[in-house]
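Residue numbers (this note's numbering), protein chains in the order written: chain A, 1 to 274; chain B, 1 to 274.
These are calculated hints, taken from the structure and not from any lab test. Treat the hints with care, as some may be off.
For chains that are exact copies, the list does not tell them apart, and a pair is met inside one copy or across any two.
Claimed, not checked - Here are the simulated EDC-like pairs of lysine to aspartate or glutamate, each with C-alpha atoms no more than 20 Å apart in a straight line: (1) K50 x E272; (2) K252 x E51; (3) K5 x D230; (4) K268 x E51; (5) K267 x E51.
As the structure is a computational prediction, the values presented were derived from the model and not from experiment.
Number of protein chains: 2
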Amino acid sequence: MDNEKEKAIGVFDSGVGGLTVFRELMKQMPRERLIFFGDTARVPYGSKSKETVTRYSEQIIRFLRTQNVKAIVAACNTASALALDDIEKNADFPIIGVVKPGAYAASQATKNGKIGLIGTEATISSGMYERLLKDINPDARIIGKACPLFVPLVEEGLLDDPVTTEIAGRYLAGLIDSGIDTLIMGCTHYPLIKDTLQKTVGDAVKLINPAYETARECSLMLEEKGLLNDKDIELGETAYRFFVSDEAEKFKSIANMILPLGILGAKKIAIEDY
Amino acid sequence: MDNEKEKAIGVFDSGVGGLTVFRELMKQMPRERLIFFGDTARVPYGSKSKETVTRYSEQIIRFLRTQNVKAIVAACNTASALALDDIEKNADFPIIGVVKPGAYAASQATKNGKIGLIGTEATISSGMYERLLKDINPDARIIGKACPLFVPLVEEGLLDDPVTTEIAGRYLAGLIDSGIDTLIMGCTHYPLIKDTLQKTVGDAVKLINPAYETARECSLMLEEKGLLNDKDIELGETAYRFFVSDEAEKFKSIANMILPLGILGAKKIAIEDY
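Next comes chain A alone, as it looks inside the complex (with noise of 0.2 Å):
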């Protein structure tokens, strides 16, 4: 493929809930090749520091790059958080991360400046967002809460279950009497129980989903830099391919789960080599 256009996108996250992002490239820009790296092998990141994360983000990224891709979408909140900055520095090529575009369509949505921010224990306490959001938004003001319980009940398949009702209940308590008007799911896995999320925190509430703001973002970067693929995909074509770091059986029942393709697997490769 000698046309810059026609190379693929390639999409990681630490395991597969990055998918949801996945999916939103694939809605928002049909006719992209899309390649997906998901790090089941060492799955979460949201408990692990920012060295860790950064060097297994380098990696993916290495391997991404073999695969001949013309820009990276880093689907993981904790990676955007916590390596993106250092990784961005030495890029020679488009990437995007999750929090900026979630960051911007919050601050666009707040009338009242007070902003919830829900995610892993490392999105939370990195403070990336708050930093985002000082930049376009001084006045605005980020409630952060760690809510680690989300990604296993999401797992377990406990999307519309009184347990993942009660268990929201506890955690956006806080937030809801701080009086936030726009809530940012800065996880990969929480869309997936949007429905919950909106009930709990009450219609008023606007909640951003930085997986569909990642695709427009990176669909308009694309188009700025000509770069957006203007041939439909052939029929009979594989267009989205799947890797993974181990071959966790989950993948595919979680993949299938989050999207609308009937996914026979995934390759396993060894990362750590990259």
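Chain B: place on chain A using the hints.
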């Protein structure tokens, strides 16, 4: 330290849960020096493949051997179930997992031969407990149930909480209906919710704690080999040392929930280099 008896016992786990085994070793063998390694950069193992878990375990054993240990305890059920068979084949020193002692104790405890087993996906689907039990007691039958939410619930501190009770009720309903009279807590975190589990299954069901059984087995094995330390640890000596693969703050908070020590911290090492 020239005396073989005075060398430490190495203990490892995928994360911090294995400290429940460490705690039993401390209690049952107060004269032993102990070195703990928690693979906090790659935790959890429970959803990962045999190949990956074996590679990780081999790296850890190579690290622990550099610490001049006299024996190694694999305090992780997943590592014990998936990797220990392969590792024992090549080992020239004593190595003990938690699965064998747990299976043995369960086979002694059961009267009706129906044994429940709860653990991670990987431990349950490995079939390791079944295979071991078949050798000890061909009439016994294992009924397994993966309980992936228990570890995150414990790590959120919901040890005695209606949500944990509700989830335990769902996970264990099938086992109770099967008429088990014995239940193996096949994951290091589970002894921390022992009371909730006991209430759920009722007093007629005997709970087996592989951590306790493993410490007992380790003590007997060292005694047989003449390797039990017979001198008291000197006052002021650091008898217990802790290593991790990531500097996750989480280690400290959960470690101090499990151990009666007031752990100040752990040393981070680059486990991938071993």
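Going down the list of hints, with the structure as the test:
1. K50 x E272: Close inside one copy (17 Å) and across copies (17 Å); limit 20 Å.
2. K252 x E51: between (29 Å within a copy, 18 Å between copies)
3. K5 x D230: Within. Shortest intra-copy distance 8 Å satisfies the 20 Å Cα cut-off; inter-copy 72 Å does not.
4. K268 x E51: For K268 and E51, only the inter-copy Cα distance (12 Å) is at most 20 Å; the intra-copy one is 24 Å.
5. K267 x E51: Answer is between: at 15 Å across copies they meet the 20 Å cutoff, but 27 Å inside does not.
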